[in-house]
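**Q** Using the sequences provided together with the hints, build the complete structure.
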Amino acid sequence: MKDYHYSGPVEHKFSPYSFNGGTVLAVAGEDFAIVASDTRLSEGYSIHSRDSPKCYKLTDTTVIGCSGFHGDCLTLTKIIDARLKMYKHSNNKTMTSGAIAAMLSTILYGRRFFPYYVYNIIGGLDEHGKGAVYSFDPVGSYQRDTYKAGGSASAMLQPLLDNQIGFKNMEGVQHVPLTQEKAVQLVKDVFISAAERDVYTGDALRLCIITKEGIKEQTVALRKD
Amino acid sequence: MLHTVKHCELQSGGFCFENSRRNATGTTIAGIVYKDGVILGADTRATDDMVVADKNCMKIHYIAPNIYCCGAGVAADAEITTQIMASNVELHMLNTGRPALVTMVTRQLKQMLFRYQGHIGSSLIVGGVDVTGAQLYSVYPHGSYDKLPFLTMGSGAAAAVSVFEDRFKPNMEMISSCRSEEAKQLVRDAIAAGIFCDLGSGSNVDLCVITAAGVEILRGYDRPATKGKREGQYRYKPGTTAVLTKTVTPIPLVKVDESVQIMDTE
Chain A
1 MKDYHYSGPV EHKFSPYSFN GGTVLAVAGE DFAIVASDTR LSEGYSIHSR
51 DSPKCYKLTD TTVIGCSGFH GDCLTLTKII DARLKMYKHS NNKTMTSGAI
101 AAMLSTILYG RRFFPYYVYN IIGGLDEHGK GAVYSFDPVG SYQRDTYKAG
151 GSASAMLQPL LDNQIGFKNM EGVQHVPLTQ EKAVQLVKDV FISAAERDVY
201 TGDALRLCII TKEGIKEQTV ALRKD
Chain B
1 MLHTVKHCEL QSGGFCFENS RRNATGTTIA GIVYKDGVIL GADTRATDDM
51 VVADKNCMKI HYIAPNIYCC GAGVAADAEI TTQIMASNVE LHMLNTGRPA
101 LVTMVTRQLK QMLFRYQGHI GSSLIVGGVD VTGAQLYSVY PHGSYDKLPF
151 LTMGSGAAAA VSVFEDRFKP NMEMISSCRS EEAKQLVRDA IAAGIFCDLG
201 SGSNVDLCVI TAAGVEILRG YDRPATKGKR EGQYRYKPGT TAVLTKTVTP
251 IPLVKVDESV QIMDTE
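Protein chains in written order, with UniProt numbering: chain A, 1 to 225; chain B, 1 to 266.
Don't read these hints as lab results, they were simulated from the structure. Please note that the accuracy of each hint is not assured.
The calculated DSS-like cross-link candidates involving lysine-lysine, where the alpha carbons are at most 25 Å apart (straight line), are [as the list claims (entries may be wrong)]:
(1) B:246 with A:216
(2) A:182 with B:229
(3) A:182 with B:227
(4) A:13 with A:57
(5) A:182 with B:237
(6) A:188 with B:237
(7) A:168 with A:224
(8) B:55 with A:188
Each pair of labels, with its calculated beta carbon distance range [to be verified]:
(9) A:181 with B:119: 53 to 59 Å
(10) B:49 with A:48: 17 to 23 Å
(11) B:265 with A:143: 26 to 32 Å
(12) B:51 with A:30: 32 to 38 Å
(13) B:219 with A:181: 36 to 42 Å
(14) B:256 with A:48: 37 to 43 Å
Glycine is no exception: its CB is placed at the ideal position from the N, C-alpha and C atoms.
**A** Set out below in structure tokens:
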């Protein structure tokens, strides 16, 4: 009879990664971009912090959202900041959103065989002042999007955004362009829903609204359980 | 961060049963013995891995008119085990002509769980008031049990027990006339600690107060976590979903009976 209970030597492996949860979301409009993230930092069944936002400001027109392993998020943002400074000093100009995205892809692929366990989404304005969103996988594959959700509740948010922003799976609906007010309202509502069902998402929502005037931040309370 | 090599990776082939452990509740349950009886408390979140499956499930189960049981661990195991116990207790009461004893329920539970060698993953807190007095027992999946004045179990047990260790006093009063129902508030606070500090627990606090006089089930005693208010309207006009083909088949039916069941849409 097969023995389903394993009794014998057990190999313990050290894992360099840990999953700290969190969800990020970016939406690009005609002349604005929004990068939003929840502020809960968790590990296992515990909460490390209720106030740890995952949006990091890179330039006056670009914000990056990083979720996954917090240690790698911190190191990666430090490296990006350093590279931005180096570019500024050598080229005498600030990096554009598209340039930052291309650079991040090479940084991530440089660690192809010991990846940064980070799901990145860059949101900002491109050289023409139009909203831009770039989404990445952990090893650097990226593309430009209109909207993208990443992190633990991404599978819950993405279909809703496909429907409300991309007008997918709907017939006979007018494709109205997304206004900033509607986009902010939508982002708040989808996070409220994500906090209901995803245990890693909650506590508070941090929104960064990027326009040519600058970056405005908003904080909205979410479920704390 | 320390991982053990999973058992199913070492097997040569065949179905991997690892996932059968996954449908657990992730819970905070607690119980105390106070002056007039016992109070059991539980949260109301059921999780499927790290997604909330049920936002308002009932974790306090009936065993006998004077004995109730909180269940943590694998949801199906806790549910079925308590139902089997309730059935056995009813038969026992009919056989002996005597009301149920809490020790009897605990003994039957531990004998059954030990027989299954821990494969039935239910951790239970059994509480009740019988002829010998108010008692509280915890029973673990492998069949061990403890008899204590206060107990907590589930993934939020650590958060809940910290509240008890700080504020529990033997023979606590529950002065309903004063509106400061100390003992109920203590259990509520312990479950709330689990709800906020443990990711596997959430939503509302359910309480069950058992005294010699009777049982009071307080479903939704406290709702510390509130759902955010949505700002937008997400209704769809009829015709939004594309209809490709339409076939109408009339089925002749005769109405025999009509009943209405209210669906919980909270």
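**Q** For every hint, state whether the structure bears it out.
**A** Hints, verified against the model:
1. B:246 with A:216: Outside the cut-off at roughly 50 Å; violated.
2. A:182 with B:229: Distance ~16 Å between residue 182 (chain A) and residue 229 (chain B) Cα, so the pair holds.
3. A:182 with B:227: 21 Å, holds
4. A:13 with A:57: 36 Å, violated
5. A:182 with B:237: Within the cut-off at roughly 19 Å; holds.
6. A:188 with B:237: 23 Å, holds
7. A:168 with A:224: 32 Å, violated
8. B:55 with A:188: 21 Å, holds
9. A:181 with B:119: 53 to 59 Å: 55 Å, holds
10. B:49 with A:48: 17 to 23 Å: For residue 49 (chain B) and residue 48 (chain A) the Cβ distance comes to about 20 Å; the hint holds.
11. B:265 with A:143: 26 to 32 Å: 39 Å, violated
12. B:51 with A:30: 32 to 38 Å: 35 Å, holds
13. B:219 with A:181: 36 to 42 Å: 40 Å, holds
14. B:256 with A:48: 37 to 43 Å: With Cβ atoms ~59 Å apart, the hint is violated.
In the structure shown, a violation is registered for the earlier hints numbered 1, 4, 7, 11 and 14, in ascending order.
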